[in-house]
Amino acid sequence: MAVTVQARGIQVVRAPSARAVTEADVRALEGNILTTTVDRIVAWSRKSSIWPVQFGLACCAIEMMSTAAARFDIARFGSELFRASPRQADLMIVSGRVSQKMAPVLKHIYEQMLEPKWVIAMGDCASCGGVFNNYALVQGVDKLIPVDVYVAGCPPRPEALLYGLLKLQELIASRPRT
Amino acid sequence: MLKGMAVTFRYLFRPPITVVYPEQKRPAVQPRFKGRHWLTLYEDGMERCVGCELCVIVCPSQAIYVKAAENTPEHQVSKGERYAEEFQINELRCIFCGLCEEACPTGAIVLGREYELAGYTRASMIYTKPMLTEPYPGSSGRDPGREI
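Protein chains in written order, with the working numbering: chain L, 1 to 178; chain X, 179 to 326.
By construction, these hints were calculated from the structure, which means they are not laboratory data. Just to be clear, a hint being listed does not mean it is correct.
In silico DSSO-like cross-links for lysine-lysine, where the CA-CA straight-line distance does not exceed 30 Å [as the list claims (entries may be wrong)]:
| # | chain 1 | residue 1 | chain 2 | residue 2 |
| --- | --- | --- | --- | --- |
| 1 | X | K203 | L | K143 |
| 2 | L | K167 | X | K181 |
| 3 | L | K143 | L | K167 |
| 4 | X | K212 | X | K245 |
| 5 | X | K257 | L | K167 |
| 6 | X | K212 | L | K167 |
| 7 | X | K212 | L | K143 |
Using the sequences plus the hints, can you model the full thing?
Okay, here's the thing in structure tokens:
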């Protein structure tokens with residue numbers, strides 16, 4: 001069992017033997033000293049500047065624009081730059097229904113994005129087809145590309161999209177260097 | 179140019195309109211806002227849902243699945259003849275139109291205020307009966323003593 005000692009205002013974790021050092025002890029130690037593993041620094045910098053690709057498809061894109069505007073201000077999470085070029089983007093927010101004609105375009109743009117890349121399926125239509133269960137639309141964008149976070153809502157509120165983005169940040173932080 | 183700078187200075191001393199979202203949410207959503215679903219209870223803890231499946235029929239996106247079962251005197255779950263043994267709502271398919279709430283004859287299904295709905299998989303967004311049933315009567319914000 002590790003012993004936590006409060007020394008001069010700094011939390012110090014002492015393990016009785018080298019064998020008893022747990023993962024939590026290492027985390028606590030990393031919280032106290034400046035250096036950390038490269039993986040965590042990389043994950044932290046990745047999650048703090050996720051640039052989305054400009055890819056508004058339907059009515060959800062209106063809420064996406066609202067998220068980028070002053071009221072909700074996605075820039076607080078480092079995602080304010082909606083890049084027109086997929087080569088400069090890390091995240092694809094599929095905002096809206098994907099028609100069969102749009103499907104190859106979407107796949108093309110996703111493949112042009114550089115690794116590492118993530119996808120948020122925003123809204124019902126992008127997630128699973130939603131109310132449009134018909135021949136014209138792709139029933140969920142995960143039929144084409146891998147999706148990391150699904151955001152429900154028709155359309156989701158800007159806060160709900162920000163919540164999805166925060167969930168994605170958690171995912172990136174918990175899965176260093178993929 | 180002075181006119182333009184006057185506008186700039188006016189905005190410079192106004193408080194920012196940004197809602198600092200995760201730390202401080204907007205005070206309340208509109209009263210008419212429709213968020214995630216709740217299966218409500220009566221004051222005595224009995225379930226309101228009688229398993230009539232009207233919400234399943236009316237749902238425009240076919241997001242609801244109900245499996246009904248008969249109430250028995252030993253196992254009385256709701257006040258009707260039947261109750262919902264299983265109740266699933268696919269929150270990813272739901273468009274939050276509120277037709278299920280309108281169709282429900284006992285006022286069992288209501289749409290709440292929560293909008294933070296996101297998941298890593300599709301399956302995690304299918305809400306089952308234990309997730310949908312309110313933890314105690316009235317916790318969804320509706321009066322548990324109401325008629326419908």
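Evaluation of the provided hints:
no., hint, in the structure
1, K203/X / K143/L, "violated (34 Å)"
2, K167/L / K181/X, "violated (44 Å)"
3, K143/L / K167/L, "holds (22 Å)"
4, K212/X / K245/X, "holds (25 Å)"
5, K257/X / K167/L, "violated (40 Å)"
6, K212/X / K167/L, "holds (22 Å)"
7, K212/X / K143/L, "holds (29 Å)"
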